[in-house]
Each structure stands twice: as C-alpha cells, then as structure tokens.
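Engineer: Sequences listed follow chains A and B, in order. Taking the working numbering, the leading residue of the first sequence gets 1, the next gets one more, and so forth. Taking the working numbering, the leading residue of the second sequence gets 281, the next gets one more, and so forth.
If you're looking for bench data, these hints aren't it; they were derived computationally from the structure. These figures come from a predicted structure and were not determined experimentally. Hints are supplied without guarantee of correctness; some may be wrong.
Computed beta-carbon distance windows for the label pairs [to be verified]:
#: 1; chain 1: B; residue 1: SER364; chain 2: A; residue 2: VAL10; range: 17 to 27 Å
#: 2; chain 1: A; residue 1: ASP115; chain 2: B; residue 2: GLU496; range: 53 to 63 Å
#: 3; chain 1: B; residue 1: VAL355; chain 2: A; residue 2: LEU33; range: 34 to 44 Å
#: 4; chain 1: A; residue 1: ALA238; chain 2: B; residue 2: ALA402; range: 19 to 29 Å
#: 5; chain 1: B; residue 1: GLU496; chain 2: A; residue 2: ALA167; range: 54 to 64 Å
#: 6; chain 1: A; residue 1: LEU98; chain 2: B; residue 2: PRO525; range: 28 to 38 Å
#: 7; chain 1: B; residue 1: ARG405; chain 2: A; residue 2: LEU77; range: 33 to 43 Å
Some, not all, of what chain A presents toward chain B, calculated at C-beta under 7 Å [claimed, not checked]:
#: 8; residue: GLY14
#: 9; residue: GLY16
#: 10; residue: ALA22
#: 11; residue: VAL26
#: 12; residue: VAL29
#: 13; residue: VAL94
#: 14; residue: ALA109
Quick reminder that beta carbons are idealized off the backbone N, C-alpha and C, glycines included.
These are the residues of each chain, in order.
Number of protein chains: 2
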Amino acid sequence: VWIGDDTAVVTAPGGGRLLLCADAVVAGVHADLTLTTLSDFGWKAVVANVSDVAAMGGRPLHVLVTVASPPGTDVDLLYDGIASACDAYACPVVGGDLVSAASLVVTVAMTGSVDGPAVRRAGARPGDVIWVTGPLGAAAAGLRAWRTGTDHAELRRAHARPQAALAEGTAARLAGATAMIDVSDGFAADLGHLADASGVGFELDDLPVAAGATEEEARRGGDDYVLVFCAPQEAPVAERFAGLPSPLRIGRCVEDPAARTIRGAPLQPEGWEHPFSGRP
Amino acid sequence: VWIGDDTAVVTAPGGGRLLLCADAVVAGVHADLTLTTLSDFGWKAVVANVSDVAAMGGRPLHVLVTVASPPGTDVDLLYDGIASACDAYACPVVGGDLVSAASLVVTVAMTGSVDGPAVRRAGARPGDVIWVTGPLGAAAAGLRAWRTGTDHAELRRAHARPQAALAEGTAARLAGATAMIDVSDGFAADLGHLADASGVGFELDDLPVAAGATEEEARRGGDDYVLVFCAPQEAPVAERFAGLPSPLRIGRCVEDPAARTIRGAPLQPEGWEHPFSGRP
Chain A
1 VWIGDDTAVV
11 TAPGGGRLLL
21 CADAVVAGVH
31 ADLTLTTLSD
41 FGWKAVVANV
51 SDVAAMGGRP
61 LHVLVTVASP
71 PGTDVDLLYD
81 GIASACDAYA
91 CPVVGGDLVS
101 AASLVVTVAM
111 TGSVDGPAVR
121 RAGARPGDVI
131 WVTGPLGAAA
141 AGLRAWRTGT
151 DHAELRRAHA
161 RPQAALAEGT
171 AARLAGATAM
181 IDVSDGFAAD
191 LGHLADASGV
201 GFELDDLPVA
211 AGATEEEARR
221 GGDDYVLVFC
231 APQEAPVAER
241 FAGLPSPLRI
251 GRCVEDPAAR
261 TIRGAPLQPE
271 GWEHPFSGRP
Chain B
281 VWIGDDTAVV
291 TAPGGGRLLL
301 CADAVVAGVH
311 ADLTLTTLSD
321 FGWKAVVANV
331 SDVAAMGGRP
341 LHVLVTVASP
351 PGTDVDLLYD
361 GIASACDAYA
371 CPVVGGDLVS
381 AASLVVTVAM
391 TGSVDGPAVR
401 RAGARPGDVI
411 WVTGPLGAAA
421 AGLRAWRTGT
431 DHAELRRAHA
441 RPQAALAEGT
451 AARLAGATAM
461 IDVSDGFAAD
471 LGHLADASGV
481 GFELDDLPVA
491 AGATEEEARR
501 GGDDYVLVFC
511 APQEAPVAER
521 FAGLPSPLRI
531 GRCVEDPAAR
541 TIRGAPLQPE
551 GWEHPFSGRP
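Please build the complete structure, drawing on both the sequences and the hints.
Structural biologist: Right, here's the structure in full:
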C-alpha cells in the first residue's frame, strides 16, 4: 500500500525536517510468544521503528505506543520492554492508547530528526559500492535456536532483542550514502526494494553470514536490522565509521536494473515469510 | 496508563511546537460493522485524532495509518474512509503499515501544530465559565437509531461520520480558554477529567441535549467530539466564535474539587461503556 521509504520526511512546525514512521507487530505473526516474552515483543516493536529512522540517517525523538490487547495480557511486562528500548535509543514515550481487542497488536509511531537531507531507498547510482553494516542471518538463526532448544545465547538474543544500527546509519549518511535501507523483510527482498527505487541492478561478490547462521538465513532472514547502503567509490566510509564496527563491502550497483546477481548467479528477491503467519 | 492530555506537546526539529497523538479503533469494540461500514470505521479512526488535536486548539498536519486486519477485510473501503477524513481535515497520510491479525485494529497517529501555547485539560480556575461547542448525545442517539432501525439520517450520521470541532478549538484557544477537552468518553467523564487535571469543581446550570437524544445520552454518550472548554468571564468568546455555531455557556468552575453538580444534584462521572465491548 505504501510506496517508497518506510519513513516519511515532512516539514515540522517551525520549518525543521521531521521524520515520521509507524510499524505494527502482531502476536502470532511477528513473534511467537511461546518462545520469547512480552517484554521482548515490546522491545521489538520499538526497535523496528528505530531501525526505519536509522535507515534514513536520522535519530529518533518521540514515541507513541498504541496497544490493542486481549483481556489478561500482562501489559506491564509489555511496557517494560517498550520502556527499555526507548531508554536504549533515547526516545521517550510521549503518548498513545490502550484498547481491548481479540489479538495483541502493538503499534509504535515515531518521530525523528536528521541533520541534513535524509538518505532514501532511491538515489543509488551505477558504480556505487554496496555496503552492509554487519553480518546477516543472526535473527533467523536465533529463531531457529529458540525453536530447536539450541543453547546459543548470542543468536537467541539477536532474535529476541535485535539492535538498530543507529550510529551506523548516521555514519553512512555522513559518508555520503546515496541510498539506504534496513534489513527487515530479508536481505534479498530489501536490497531489491532499494534497487527498484533507485532503478539500478547489482552485482554482489559475497554476503557476510553471521556466525551460526546459514547462507539461506543470511539471504532471506528478516528482522536483522542491519543496514544496506550504497556510496560512491571515493566516499570516506572507513573514516566515518571510525569507532564503529567496520561495514562490509559486498558489491556494486550496475546500470541494468534486471542484473541482480551474487557471485554471478541470480539473487532471488523472495523475502522472509514471517514464520508465525497463517498466510500462505 | 497515560496521564493527562490525549495529545502531547513536544519540541520539533528546528524548535517549533509539535502536537502528537495516537488512537486505535477496534472492530467490535469501537464500532459494530454490522451497522456501519468499513469506510465509516476508517473515517472515525482519523476523526478521533483530529478531535484530540482540536482540543488543544491546534490543527492536524500529518497522519500515519497502521492497519492490522484479518484476511478478507475490504481494506480499500477502509482506506476510502480514512482518505475522506484526511481530505476533510487537510492532513495527508504520509505513511503507515499494513499487517495481518485476527482482529481489525486501525491505529492512527497524527502530528499537529498550534500557533501559541496549547490548551490543556489542566488550567481551569474557579470562576471560569464552562462552555460546550454544541449539543450533546447525538452520536449515542445515532447508534440507537442504527440499532433500532429508526430513520433519522442526521443522528445516524452523527454516529457514523462524527465531525471534529477543529475551527471551534482554535476559536476557544484564541478567546483565552484556560482548559479544554473533547467529549470522547462521554460528557460527564470528560468534564471530570478536565476538573481532575485542573483541581477544580463545577456547577452546571444546564446541558444542551441534541435533538432526538435523551438527557442520559447527552450526559454519558461517547464519541460526540464536541469540545468542552473553560474561560474567564470576560473572555471574548462570542467575538472569537463569529461565523461559527455559537458555543453554549453551561456553568462555572468552583474552588471545591468535590463539588460537581448539575442543577444542584451530583453529576456522576461514569462514562460511556463502548457498547460493543465484551468487557463488563
């Protein structure tokens, strides 16, 4: 339904540049609450939005939280996770709503700011280098660890308490990123969205796979919240990422929008099926 | 969970004054979709927020719409109503989310602006006159008309397509309103919220009842979106409402917070039970 970026850039009262985004998470669709907690669920609802703001090179400012919940939901536990994430990313909850419903739906709307033009999905040019801010697939591998009872704390945490790459998004913007997106639907799908919006193709040499994850999880796993960005070859990426985990150069943009390959083979754009969804 | 006003006043990037609010409407709780349409439901989700902004003396700017819907929901019809309301109140939809869920939950988050200090629930002083921007109870009477099959188009419309008192809210602010609230939970409940926040009591002489509504519907019916405001006796209310329906003077604020009467009898604060809610 919504075309383009997950985050809107609008003019605030007083003339400033305001970022706006909203995401909903649904119990049973975006999280299996028999595996992870309501607190984790609340955390994720906030972080999904922080990541959208990060992907514009911005920072979050304010949060509105709306909870639709069945009777008996431990709303306090849910709000604990929401509050932890809002503390972690310095974006206070300023309002919201609490209503009764048959399913648990948590909607987070967020404002943000950006000190300069926001980076969008559109803007990558042929010849730009494609970067990722970290290895991929940890969240999907973490879900597998929860499901199979595998004792891998770091992967489990990557699924239950994902982190938004806030500092990395700002560093990419300052380095001159021409386009950026966060990996929420899955790397292949999200890079596809960026390429569609920019009207370019891509040739990838490699894809960094998180320790413990499979190549498939890295390509298609959702909710990693790693950022993918494009920048001219001469962009001062290393310099702007000083003090942060080094981003990884994975390929380049090409002129032909139909050319979308990894190591010479087509990269299928299919994304992550949210594993708890009843949808086909 | 949320204390105080339905709308937050925050500082926007660039230093401007930004209003933020969010409300959710749930099918079967806030509307009976066997009576009214999905388009009406979408309209109401927007108007509930416009009314929150109006109650601060502000005007809406941007809308984020998040829809959680069961498979088979006519989302186009829902968005038609949302778009109609956003057109009517000049606040474009700039983003949102669409997810799958077992129940239909529509969450609207809204930004707004106000050209001066916002009017809040707190601020009324003993001796202030209490005003309403119109007669009460039309929405509740309208619901009754839908339920009983009574052919009363105006009341039906008051329930299906309520209007936010946007121009009235600005007029009240410019007239020097000291406190304001919109009637969403019901007049008695909402005036109670205002009195609680302001630390005052009230003596009401009368309550204007909408044509076709009962006294009880006027006192307790929800979702009228009429504004209740307080202003000093000398405030230029009539002058500021020139060209708008005349507001009605219904009583005055008094010092004793426990004194809450209408024609000398206690006004019970109980609000509107959303009539479709499964809650006791």
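Engineer: Confirm or reject each hint.
Structural biologist: We went through each hint and held it up to the structure:
1. B:SER364 - A:VAL10: 17 to 27 Å: holds, 21 Å
2. A:ASP115 - B:GLU496: 53 to 63 Å: holds, 55 Å
3. B:VAL355 - A:LEU33: 34 to 44 Å: violated, 26 Å
4. A:ALA238 - B:ALA402: 19 to 29 Å: violated, 53 Å
5. B:GLU496 - A:ALA167: 54 to 64 Å: 58 Å Cβ-Cβ, so the 54 to 64 Å window holds.
6. A:LEU98 - B:PRO525: 28 to 38 Å: holds, 33 Å
7. B:ARG405 - A:LEU77: 33 to 43 Å: holds, 41 Å
8. GLY14: At about 2 Å, which falls below the 7 Å cut-off, the nearest Cβ of chain B leaves the hint on A:GLY14 intact, so it holds.
9. GLY16: For A:GLY16, the interface hint holds, since the closest Cβ of chain B sits about 2 Å away, which is under 7 Å.
10. ALA22: Since chain B brings a Cβ to about 4 Å from A:ALA22, closer than 7 Å, the hint holds.
11. VAL26: holds, 4 Å
12. VAL29: For A:VAL29, the interface hint holds, since the closest Cβ of chain B sits about 6 Å away, which is under 7 Å.
13. VAL94: Since the shortest Cβ distance to chain B is 4 Å, the answer is holds.
14. ALA109: holds, 3 Å
Against the hints set out earlier in the document, violations occur for numbers 3, 4.
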